[in-house]
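2 protein chains.
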Amino acid sequence: MRIKALKQVESRIELEFPSSSDAEIVLRAIEPEISGSPSERTSTEIESEGNILKISITAQDTTSLRASLNSYLRWVMLSNEILELKNLKN
Amino acid sequence: MRIKALKQVESRIELEFPSSSDAEIVLRAIEPEISGSPSERTSTEIESEGNILKISITAQDTTSLRASLNSYLRWVMLSNEILELKNLKN
Chain F
1 MRIKALKQVE SRIELEFPSS SDAEIVLRAI EPEISGSPSE RTSTEIESEG NILKISITAQ
61 DTTSLRASLN SYLRWVMLSN EILELKNLKN
Chain S
1 MRIKALKQVE SRIELEFPSS SDAEIVLRAI EPEISGSPSE RTSTEIESEG NILKISITAQ
61 DTTSLRASLN SYLRWVMLSN EILELKNLKN
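Top line first, the protein sequences correspond to chains F and S.
The first sequence begins at 1 in full-length UniProt numbering and counts up by one.
The second sequence begins at 1 in full-length UniProt numbering and counts up by one.
Since the hints were made in silico from the structure, they are not lab data.
Backbone N, C-alpha and C fix where the C-beta goes; we use that ideal spot for every residue, glycine too.
Be aware that a few hints might be false.
[Claimed, not checked] Over 12 Å on every C-beta distance to chain S, these chain F residues come out as not near it, computed from the model:
no.	residue
1	Ile-34
2	Gly-36
3	Ser-37
4	Glu-45
[What the hints assert, rightly or not] In the DSSO-like style, the derived pairs of lysine-lysine whose C-alpha atoms are separated by at most 27 Å in a straight line are:
no.	chain 1	residue 1	chain 2	residue 2
5	F	Lys-54	S	Lys-54
6	S	Lys-54	F	Lys-7
7	S	Lys-7	F	Lys-54
8	S	Lys-86	S	Lys-54
9	F	Lys-7	S	Lys-86
10	S	Lys-54	S	Lys-7
11	F	Lys-86	S	Lys-7
12	F	Lys-54	F	Lys-86
13	F	Lys-7	F	Lys-54
[Claimed, not checked] So the derived label-pair ranges between C-beta atoms look like this:
no.	chain 1	residue 1	chain 2	residue 2	range
14	S	Glu-16	F	Glu-40	15 to 21 Å
15	F	Asn-51	S	Glu-16	27 to 33 Å
16	S	Lys-86	F	Pro-32	41 to 47 Å
17	F	Ser-21	S	Leu-85	47 to 53 Å
18	S	Pro-32	F	Glu-40	33 to 39 Å
Same shape as in the complex, but just chain F (with noise of 0.2 Å):
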């Protein structure tokens, strides 16, 4: 029987935008895909504090961790796209 080495995997990550409003708008983008895609094997909490996104993933194993990830990043990625082209028409 094969034992299992990694018990758990925790990620905390923070992105630190310019005003709290832009944090807010992410968070307001993000938050429905985050509790709209439920996973056995992670469990995911955000919220902003003042100008900073605050992401935290609690995983099983990295393989689920990486995919959670890799998720969350593209969505804020894009989201932040989104903040840029809306500052440069501003």
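Could you slot chain S onto chain F? The hints should help.
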């Protein structure tokens, strides 16, 4: 001129192993990889505390954070595989 929306990105990963010796083995295996692949856009610290391996990454953007995260998690996965097979043999 495009105004950078995302100022800084930080990620802390904590990997819980069954024993401190397992965590140290993975630390010693991964450390040369991390110090051997310097990047201007990310800075990384790795340490073990008891049976917990801690990886802290600071990056300028989510793209470079994702690249680093993926590499380190791949190395952890590989080390973890070897530990599990080694545990199988003992």
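*Against the structure, test the hints numbered earlier, and report the numbers of the ones violated in rising order.*
Of the numbered hints given earlier, the structure breaks none, since each of them holds.
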